[in-house]
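Counted the way this note's numbering counts, the sequence shown spans residues 437 to 780.
Mixed in with the good hints there might be a few duds.
Capping the alpha-carbon separation at 27 Å, the derived lysine-lysine pairs in DSS-like fashion look like this [as the list claims (entries may be wrong)]:
id, residue 1, residue 2
1, Lys740, Lys757
2, Lys539, Lys578
3, Lys629, Lys675
Hints are computed from structural coordinates only; laboratory data are not their basis.
A quick note: this is a predicted structure, and the numbers were derived from the prediction, not measured.
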Amino acid sequence: MSGKIKSRSAANADSISGGVSCDERILRDCHQLYTDPDSGLITVAESVDVKLLPPRKKITVMLMGNHSAGKSSFINWYVEEHIQRTGVAIETQGFSFITSGRKRESLTGNATLHLYPHFKPLQVFKGVSEYLSTEICTSRQKRFSLVTFVDSPGLVDGDMKYPFDVDEVILWLGDLCDLILVFFDPMGQALCKRTLNIVESLNEKHGDRLRFYLSKADEAGGESDRQRVMMQIVQELCKRPGLNKCGFDMPTIYIPNPNKPSRCVNQIEEVCRSIEKTINQTVQNTLNSLEKDCELISEAITDKLSSPSILCRTQPTLSGKQKRQLQEKLEYVQEVVKTKKVCV
Numbered sequence: 437m438s439g440k441i442k443s444r445s446a447a448n449a450d451s452i453s454g455g456v457s458c459d460e461r462i463l464r465d466c467h468q469l470y471t472d473p474d475s476g477l478i479t480v481a482e483s484v485d486v487k488l489l490p491p492r493k494k495i496t497v498m499l500m501g502n503h504s505a506g507k508s509s510f511i512n513w514y515v516e517e518h519i520q521r522t523g524v525a526i527e528t529q530g531f532s533f534i535t536s537g538r539k540r541e542s543l544t545g546n547a548t549l550h551l552y553p554h555f556k557p558l559q560v561f562k563g564v565s566e567y568l569s570t571e572i573c574t575s576r577q578k579r580f581s582l583v584t585f586v587d588s589p590g591l592v593d594g595d596m597k598y599p600f601d602v603d604e605v606i607l608w609l610g611d612l613c614d615l616i617l618v619f620f621d622p623m624g625q626a627l628c629k630r631t632l633n634i635v636e637s638l639n640e641k642h643g644d645r646l647r648f649y650l651s652k653a654d655e656a657g658g659e660s661d662r663q664r665v666m667m668q669i670v671q672e673l674c675k676r677p678g679l680n681k682c683g684f685d686m687p688t689i690y691i692p693n694p695n696k697p698s699r700c701v702n703q704i705e706e707v708c709r710s711i712e713k714t715i716n717q718t719v720q721n722t723l724n725s726l727e728k729d730c731e732l733i734s735e736a737i738t739d740k741l742s743s744p745s746i747l748c749r750t751q752p753t754l755s756g757k758q759k760r761q762l763q764e765k766l767e768y769v770q771e772v773v774k775t776k777k778v779c780v
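Produce the complete structure using the sequences and hints provided.
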């Protein structure tokens, strides 16, 4: 069995070599270790009545903010392709998932939920399925091959009516996302109460995932105007009990344009570093989970082997061959864990 596993892994490594980062290889290999139908960890675990969930191969990053805050423009800049439509008169109406793949494709609501089965509970929210879409592009710029962006509708106050409960959907997505980027623009919409209310609710459960940015900072006028806008936003945020915390940071960012030079400090690379840090943490968490799951299976096998036969009449006992196969599998996986940690 171990020979079969090694040959499969070697073939997999050959098929994805070339331009694949160590992190991407680790996440793909770990996912395959779980999901292989013949000898994956999930299959092995089921044989000893243990349920496991496969790790994700990418992190999920949600962008939220008020109307025309530059969320779609940032995604286009990050992937270096014009994927999302942008402009003051063009606002994302629903939730768009932007991810990398082998060919350019656009998917609608049902296909999106099929591609992302862990997002299927979104169907519970009335009207949201018709406003889901996925854009798959072939870009491998920056760390896009390890990221799925979720572009959310622009938030506004007043009489604006959404075809679904946008607040609840964003809060639900916040539970699944690894990183939440909140964009405030300096053009008067930054103090949108709906945005602040959602941010406050997200902060209660996922404060460690939130990152705040002053987007379109080059459009805020001079430095004094920019500082005044930032002070107004920070004051509004700090009025909220959960958001008034030490070390609050809000870098200024804007999309670089060689035809429109600006003296404003652009900290857009800070966003990239936040994404990079989240990827690194996800890789480590995946390896830790792999090790814990292996230990869980080991304990289950030990318990099953040591249980008196009289207690096992309702379940088929393992044959000698099955025992050897399970032990070989576990030894191999534990060795992979050690190897991957050295790689990281």
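If any of the earlier hints don't hold here, list their numbers in rising order.
-> Of the numbered hints given earlier, the structure breaks none, since each of them holds.
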